[in-house]
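K.L.:
As a plain string of letters, each chain reads:
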Amino acid sequence: MSAILPPSQRLWWKQPIAAQEWAWIGIAFVWAMIMFVMMVYWHINGKQNLSNEVYKTTTEMFTAKTDAFVAENTIRTEVSLANPDLKIPVVKPNAKGEAFLLARLWSWYPILELEAGKTYKIHLSSVDYNHGFSLQPTNINIQVIPGYEHVVKMTPTKAGTYAIVCNEYCGIGHHTMLGRIYVK
Amino acid sequence: MATTYRTCPRTGLQFDLDADKLMRWNAVAGVLWLLVGGITALLVILTRWPAIKLLPADQFYLILTAHGIDMLILWIIFFEMAVLYFASSTLLRCRIATPWLGWVQFWLMVVGGIMTNVAIFQGGSSVMFTSYVPMQAAPHFYLGIILFAVGALIGTGVFFGTLVVAKREKTYVGSIPLVTFGAMTAAIIAVFTILCGAAILIPTFAWSMGWIKEIDAQLYRMVWWALGHSSQQINVAAHVSIWYLVAAVAFGAKPLSEKVSRFAFLLYILFLQLASAHHLLSDPGMSAEWKVLNTSYFMYFAVLASMIHGFTVPGAIEAAQRKKGFNNGLFEWLRKAPWGNPVFSGMFISLVGFGFVGGISGVVLGTEQINMLMHNTFYVPGHFHATVVVGTTLAFMSITYLLVPTLFRREMLFPKLCQIQPYLYGLSMIVLSLVMMGAGTLGVSRRHWDMAFSGAPFQYEWPGAAYLMMGLTGIFGVIAVVGGGLWIGLVVLSLLFGKKLDGGATHDKPVPIPDQTVAASASATGSEEHTNVPGTVVLAITLLTCFVLYYFVNWKYLSEVWGLS
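Line order of the protein sequences matches chains A and B. The opening position of the first sequence corresponds to residue 1 in my numbering, with each subsequent residue numbered one higher. The opening position of the second sequence corresponds to residue 1 in my numbering, with each subsequent residue numbered one higher.
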């Protein structure tokens, strides 16, 4: 059987590596390190980092907190396009700059009204399935997971009407799950 | 029990007849699932094309679930089983270990695949490929995947067993060939992947039966993605092995350095499994430190490995071509490559598409902060159609043009169409990936039935460019389906009606490899003598330039969105 391969081919691990190949490995390694450092650098100097402030929660707890927040801070209501009987509260963050945004099948509750340039603490959670917070047209996307209350600090940059698209599949009514944020 | 080997007269490849049959059945099963996956692909495309919007919402989500499962799991893993048996038994000229276990693998995977599909098409399991809890599917949805995974695990066992047999019976000398080494990488990652799959799907099955009350939604996502992303890393290892195989069989190419190529595979084993983190970058449950370390595959060492393969594969081809005298200028070696041979053209499009489109977009998408621009948008399927479809599926298609004559002993029908197919499929799929990423960059969601949000409490109008991108997605998606369908048609017709070819002489033990054959180049070890590969250097620098530019453009985009902290 030893005739299958000539012996000269056996010692591949002793063959030296060509200069061009070494050079490419070096370049690729340096690039990998640059990319690694960029993420760390952005945590120090960048202005867009996802918050690490998270609490375990339950459907009941988060619903109660959101209801209390809506009851205290509603400034007006708006009628749903899909259902004329449904009045959706438009709510301003409280004096501490905190707001609650609840995801459920199939709505974002309530509508928030923010001011450009101010920083808010938005408490995000879902009370049923996974949902996706996709703020358009600015294009910020955050996963919303039941059982986890994610406190995200947001600083709107520009006035306007923003949509919250649900971009995590959540069942048959997924495409109707559209929320709203006003920035003044 | 006696083993019978046959030596293919055209390639010199030697097949243990048991392994031969297992490979053929696994490959055919894979192709049939690709057919189901392709039909569902067409329905998905025609629904997401805003001007057509074919299916109602419930059917769309059902079909999309089937498309994900049938393509990402059933087609690819069936074909990978054939690749594993080929890389072990055929390339090592060795009898396959425990062929009966191979049949257990095959039938478990068949039963599991059908069971999961039944669950999906019954309508109560439109939970998508990812089946995130607490959304629940029917119990047999999970059970089918579990059976399939057990089958695949047995298949990897047969592969490792065959390596042991080959070593013990000394059917090769020195080291296993690079292609087998790459397949072994895939098999090792597969074991890890399947164990993670068991760790999450068995409890989920129990939960769907009502035996467990609750599964934490975040924990599910973390463990599930150790199955979901790692299984794509099996594919990477498998298709990179096939790139090396094609370089060897089409050019007689040897790697520039065995050491470097094997070390790059080793990096895959060490770091690819961290990729689960890529899917959790915008999740609440993990800290930023965890995300930064893991999303980078521990400081991008697995990306480094792919960049190495991206250099050494074309480098090996260039070195082999220059040795044959194609020495003019930077690119004569590439111009004079056999572009009319679908084995080569498919592999090269796979290489370039995977590197330039899939690779770059994947690393950008997997950057902790930049992920927030793209998470769950249409960018994500755009990215993985460039990796899994252009990379893996096209590589598998191209090697099939070699396998049909040698393994199935049939001549390919319609050689002109065979020549066109990789271009039609590969190029349309690359454009499809790009326009999908374009739509995702504009924010369009993945897994979403209606861009117009009919029935929503508010209105939101996507920019016109997003509709344009989705329209192009429709057009190029349909072309890609035609290209994929053409491949299935060519393969199936050739298997049924192609000219029968001589299977070659049979022996009751392995015989030496004839010189100057496909078999000899595929199972050789050893590096190419040092030659300069300036063309490859230019290609690699071009890749790096695109990579750097696109990477920093995305940081610029990110710096313009709302402040987040």
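A few of these clues could be false.
Calculated lysine-lysine pairs in the DSSO-like style (CA-CA distance at most 27 Å, straight line) [said to hold, decoys possible]: (1) 56/A x 14/A; (2) 53/B x 170/B; (3) 259/B x 14/A; (4) 323/B x 14/A.
Just a few of them, taken from the derived set where beta-carbon distance is under 10 Å, the chain A residues facing chain B [stated by the list, open to error]: (5) 43; (6) 53; (7) 61; (8) 63; (9) 82; (10) 106; (11) 159; (12) 177.
The hints are simulated quantities; they were obtained by calculation from the structure and are not laboratory data. Keep in mind that this is a model prediction, so the values were computed, not measured. Note that the Cβ used here is the ideal one computed from N, Cα and C, for glycine as well.
K.L.:
Which of the stated hints cannot be reconciled with the structure, identified by number in ascending sequence?
P.N.:
1, 2, 7, 8, 11
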